[in-house]
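Engineer: Same order as they appear, the protein sequences are chains Y and B.
Sequential numbering from 1 applies to the first sequence in UniProt numbering.
Sequential numbering from 1 applies to the second sequence in UniProt numbering.
Certain hints may be false.
Simulated pairs of lysine to aspartate or glutamate, EDC-like, Cα-Cα distance not exceeding 16 Å [what the hints assert, rightly or not]:
| no. | chain 1 | residue 1 | chain 2 | residue 2 |
| --- | --- | --- | --- | --- |
| 1 | B | Lys32 | Y | Asp17 |
| 2 | B | Lys30 | Y | Asp181 |
| 3 | Y | Lys97 | Y | Asp181 |
| 4 | B | Lys6 | Y | Glu183 |
| 5 | Y | Lys8 | B | Asp3 |
| 6 | B | Lys6 | Y | Asp181 |
| 7 | B | Lys32 | Y | Asp99 |
| 8 | B | Lys30 | Y | Asp17 |
| 9 | Y | Lys123 | Y | Glu140 |
| 10 | B | Lys6 | Y | Glu140 |
| 11 | Y | Lys116 | Y | Asp168 |
Hints listed in this document are in silico derivations from the structure and should not be mistaken for laboratory results.
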Amino acid sequence: MLKGLIGKKIGMTQIFDENGAAVPVTIIEAGPCFVTQVRTPGKEGYSAVQLGFDEVKPKRLSGGELGHLKKSNIPPLRFLREFAVKDPQVSVGDQVKVDLFTAGDSVDVIGTSKGKGFQGGVKRYHFRGGPATHGQSDRERAPGSRSSGTTPGRVYKGARGAGHMGNDRVTAQNLKVVLVDVERNLIGVRGAVPGSRNGLVMVREARKQ
Amino acid sequence: MSDLLKAVEAPVNPNIPELRAGDTVSVHVKIKEGNRERIQEFKGTVLYVKNNGTNSSFTVRRMASNGVGVERSFLLRSPRIDKVVVERHNIVRRARLFFLRGRTGKSARLKQKFS
Numbered sequence: 001m002l003k004g005l006i007g008k009k010i011g012m013t014q015i016f017d018e019n020g021a022a023v024p025v026t027i028i029e030a031g032p033c034f035v036t037q038v039r040t041p042g043k044e045g046y047s048a049v050q051l052g053f054d055e056v057k058p059k060r061l062s063g064g065e066l067g068h069l070k071k072s073n074i075p076p077l078r079f080l081r082e083f084a085v086k087d088p089q090v091s092v093g094d095q096v097k098v099d100l101f102t103a104g105d106s107v108d109v110i111g112t113s114k115g116k117g118f119q120g121g122v123k124r125y126h127f128r129g130g131p132a133t134h135g136q137s138d139r140e141r142a143p144g145s146r147s148s149g150t151t152p153g154r155v156y157k158g159a160r161g162a163g164h165m166g167n168d169r170v171t172a173q174n175l176k177v178v179l180v181d182v183e184r185n186l187i188g189v190r191g192a193v194p195g196s197r198n199g200l201v202m203v204r205e206a207r208k209q
Numbered sequence: 001m002s003d004l005l006k007a008v009e010a011p012v013n014p015n016i017p018e019l020r021a022g023d024t025v026s027v028h029v030k031i032k033e034g035n036r037e038r039i040q041e042f043k044g045t046v047l048y049v050k051n052n053g054t055n056s057s058f059t060v061r062r063m064a065s066n067g068v069g070v071e072r073s074f075l076l077r078s079p080r081i082d083k084v085v086v087e088r089h090n091i092v093r094r095a096r097l098f099f100l101r102g103r104t105g106k107s108a109r110l111k112q113k114f115s
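The whole structure should be built from the sequences, with the hints applied where relevant.
Structural biologist: This is how it looks when you write it as structure tokens:
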């Protein structure tokens with residue numbers, strides 16, 4: 001069954017559970033999403049559901065996007081995302097809401113992490129840098145050795161080092177759903193979620209429960 | 001802040017009056033023992049109040065036996081707080097009364113404020 005939604009990260013706060021303990025939560029405004037396409041093994045070779053989210057003016061979309069949605073009488077939507085589902089049990093045009101989830105469920109939240117720009121090895125991979133004392137100069141955040149010596153005489157591909165950090169697709173796995181507000185289309189998960197506020201996130205049933 | 005965040009945050013507890021540093025207060029805390037719930041009082045001086053929306057808190061200091069000071073922080077909107085009774089307001093000239101930590105007995109007294 002389809003258990004996924006597209007949403008927008010609203011921000012973090014804390015709420016109190018039934019024991020009165022404060023729980024850190026990220027609030028996500030998820031859905032209502034439209035089923036814009038159902039992919040089947042017969043036609044596309046795999047089984048998935050394409051969901052659409054965030055209604056916009058028609059002029060914001062290209063003709064192709066508009067046509068794709070118009071075919072099934074769906075309003076213009078800014079974002080389309082696919083969720084792999086074995087047995088969808090939904091059809092094109094259906095609306096899905098946060099009531100797919102209930103408090104206590106485990107979910108994965110997929111988002112795009114905040115971009116950090118070009119960063120050194122210390123921030124990017126937690127290199128320890130060099131010593132601060134014993135006569136060292138300019139070595140506090142140096143990466144050290146990247147590879148071996150004359151053999152192999154080069155740096156292996158994929159060696160960790162300075163480079164662009166962030167702005168990656170990141171999945172936060174196994175977050176507990178602590179709050180579902182169907183009226184306001186809100187879902188609250190325990191802990192942090194990748195990305196900035198107002199960033200697009202996908203919420204799906206946890207893969208590794 | 002987003003209104004959507006405010007919508008899910010805990011509401012303000014109507015049984016907690018406005019607190020200020022230096023107030024002598026008695027905090028009634030709900031305590032669960034097994035499946036029985038009782039109320040415990042924690043009486044002392046408010047050291048400081050942190051106003052930060054749903055994360056607002058205040059810290060109360062009291063003298064336990066043997067002159068040992070005990071400080072306890074409470075989240076202002078915590079459902080564990082039944083109520084707070086302000087017993088007297090005191091004259092203080094700062095927002096955070098950390099100087100009380102080094103004092104005991106007579107020097108730890110505060111003058112009452114009548115208004």
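Engineer: For this structure, which hints from the list above don't hold up?
Structural biologist: Hints 2, 7 and 10 are the ones this structure does not satisfy, whereas the remaining hints hold.
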